[in-house]
Amino acid sequence: MSNSTINNKSDIATLNKFSNKNTFGLQAKKFLGDNLPPFILMAPALFLFLCFSIYPILFAIRYCLYDYNGFGTALFVGLQKFEKLFDLSSQNSFNYWSAWPRTILYGVTKLSIEIPLALLTAIIINTKIRGSSFFRGLFYMPQILPGMVMGVVFVNMLNPFNGIINDILMSLHIISERYSFLAHPGSAFTVGITIDVWQSFGINMLFFLAGLSGISRELYESAEVDGATVGESFLYITLPSLAKISRIIILLAMVATFKTTGSYFVLTSGGPNHSTELVYLYIYKIFFNSSISGTVDIGFGSAVAVVSAAILGMISILYTKLTKKFDED
Amino acid sequence: MKIKEDTSMKFNAQKSKYLQNTIAYIILGVISVTVLLPVLYAVLGSFKSTREILTEGGLLPKIFTFENYIDAFKKGHFEKYTLNSIIIAVSDTFIGLFNITAVGFCFARSNFFGKKLLKTMILLTMFIALGPMTLYPVITVIRGMGLQNSIWGIVIGLVTGMGSGVFIFEAFFKSQGGEIDEAAVIDGCNFFQRYFFIALPLCKPLIATYSVLIFSSAWNSFFLPYILTFNRIQNQPLSVAIVSLMDMGGEGSTAWGLLFAGACLAIIPVLLVYSFTSRWFIKGITEGAVKF
Chain V
10 MSNSTINNKS DIATLNKFSN KNTFGLQAKK FLGDNLPPFI LMAPALFLFL CFSIYPILFA
70 IRYCLYDYNG FGTALFVGLQ KFEKLFDLSS QNSFNYWSAW PRTILYGVTK LSIEIPLALL
130 TAIIINTKIR GSSFFRGLFY MPQILPGMVM GVVFVNMLNP FNGIINDILM SLHIISERYS
190 FLAHPGSAFT VGITIDVWQS FGINMLFFLA GLSGISRELY ESAEVDGATV GESFLYITLP
250 SLAKISRIII LLAMVATFKT TGSYFVLTSG GPNHSTELVY LYIYKIFFNS SISGTVDIGF
310 GSAVAVVSAA ILGMISILYT KLTKKFDED
Chain S
591 MKIKEDTSMK FNAQKSKYLQ NTIAYIILGV ISVTVLLPVL YAVLGSFKST REILTEGGLL
651 PKIFTFENYI DAFKKGHFEK YTLNSIIIAV SDTFIGLFNI TAVGFCFARS NFFGKKLLKT
711 MILLTMFIAL GPMTLYPVIT VIRGMGLQNS IWGIVIGLVT GMGSGVFIFE AFFKSQGGEI
771 DEAAVIDGCN FFQRYFFIAL PLCKPLIATY SVLIFSSAWN SFFLPYILTF NRIQNQPLSV
831 AIVSLMDMGG EGSTAWGLLF AGACLAIIPV LLVYSFTSRW FIKGITEGAV KF
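Residue numbers (this note's numbering), protein chains in the order written: chain V, 10 to 338; chain S, 591 to 882.
Treat the hints as calculated values from the structure; they're not laboratory data. Check the hints yourself; a few may be wrong.
BS3-like, lysine-lysine: derived pairs with alpha carbons at most 27 angstroms apart [unchecked claim]:
id, chain 1, residue 1, chain 2, residue 2
1, S, K709, V, K39
2, V, K38, S, K709
3, S, K706, V, K253
4, V, K268, V, K253
5, V, K137, S, K607
6, V, K137, S, K605
7, S, K764, V, K39
8, S, K764, S, K794
9, S, K665, S, K652
10, V, K330, S, K706
The structure displayed is predicted, hence computed values, not measured ones.
Given only the sequences and the hints, what does the whole structure look like? Please build it.
See the structure below:
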């Protein structure tokens, strides 16, 4: 604190030396007085922001043009890494480009289960039936549990020998014999989506509850007077009122989808045969799983990261443009 | 005649209300069981022996044993992992809270040079998929600071300084109004005093909500600590220790009993924090969502 005031004064002194006009000195003093305290208060946050948010982005943008394995010297190779990425005959880039449709399928399926489920529970809880705040707290709970640890628990629950999920499904006659869910591509993919819905539908329920609490009761009452059925008032009052918040929910969920390996990291680590490898899991493997290529190819990894961020950015912009009409209120 | 009709209508309405409630409770009940099952399975499983977990089915332990917990501390070094998790989560909560409140306060109550630029940069980094894109460079930064072998490397890498929290605090500090600032200035309060003694005490509920959020996200964090502790097992937090324990044993040879006990050590603290605070915690999140 005292240090900064000294700096402050000496700065003003130097400024005064260069200009004889007193107003300039006053202006400078005001400028510093306005700026120094906020910047001192924000210094730790700004330092971390530069180190861990801005620098890493610049790092990826720089090294996508280099051949670099993390230790030796970096060699400028221009767009060579991008050529490698768009060369579909190589196994590595084929895996990358097939991770995209898979990630989109994952996101779309997850949302189309999660959104109706969240909306349904939100509507029920919003009627304030007895115990509604208990259910609200309970349904959000999986969100705060450690996902990877729960993944380990699910691996045990899903095992084909004595797993409880096999037992339950057999006693409900949904399956007739024990099944190894994680060993088959289709079922492993579905199981991962189910677990992620289990973990994250609660937050969307809370968002919907926030949206529902904004709809006035009078709207429903007057609709009832006009003879609208429950279904009609849902279709013409509830849904349109939720359009705005749904747009944000879907955008947030979409961005989150590309920031996650899903539960697949623990369940299957992308297998069997890459069938559950989402984009993040692929990028993770390039950087940290040397078994894929032997050495770490940071240039290639950065190229993948830059292209992925660009694709995600385009999807987000396109989505915001396409759904703009829902935001007009 | 008219009265009769009326009562029967009332009766019908009551009946349909009753039916509606029953359906609602059935739906809520089924979802509740699904939500609770994995947690119950982990908690009850931690009291089964590894042999029972591998051979018997069912939810309840046939023979109740504390052996797993004793093993976890005696052989598994879980006291170390628990301590690591506590250090990481607690320090991240303090640093993270200071950061988001400070930036939120400066956005709301001062006009510093480059405010718009900083806001745009924070928004942009929120929507770029930072996780996958920047995990490697983040670790290079930590290495560059010489913290790769220390638990503080994990702490500093996980601090969530910026994000939606900044804007929610900004909205809150704005709603406190400028008059309070003017009065404080007349009383001789400088910028820092206004932050520490006036603005912060007024947003205790929001701070409480965010401390739970930051605490649980640091407690549950996985990838960064996982990579930073590849060769330094003594720095592992609980979540990482449990996953590596599963990776170590192949199919069948995993020490499931130990693993379940460890899982409970990771689950139960957040569960306890949540159950004591969920009422206003949820309120805080919903209000934040509306503001955002």
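So, going through the hints one by one against the coordinates:
{"no.": "1", "hint": "S:K709 to V:K39", "verdict": "23 angstroms, holds"}
{"no.": "2", "hint": "V:K38 to S:K709", "verdict": "25 angstroms, holds"}
{"no.": "3", "hint": "S:K706 to V:K253", "verdict": "26 angstroms, holds"}
{"no.": "4", "hint": "V:K268 to V:K253", "verdict": "23 angstroms, holds"}
{"no.": "5", "hint": "V:K137 to S:K607", "verdict": "13 angstroms, holds"}
{"no.": "6", "hint": "V:K137 to S:K605", "verdict": "18 angstroms, holds"}
{"no.": "7", "hint": "S:K764 to V:K39", "verdict": "23 angstroms, holds"}
{"no.": "8", "hint": "S:K764 to S:K794", "verdict": "15 angstroms, holds"}
{"no.": "9", "hint": "S:K665 to S:K652", "verdict": "24 angstroms, holds"}
{"no.": "10", "hint": "V:K330 to S:K706", "verdict": "23 angstroms, holds"}
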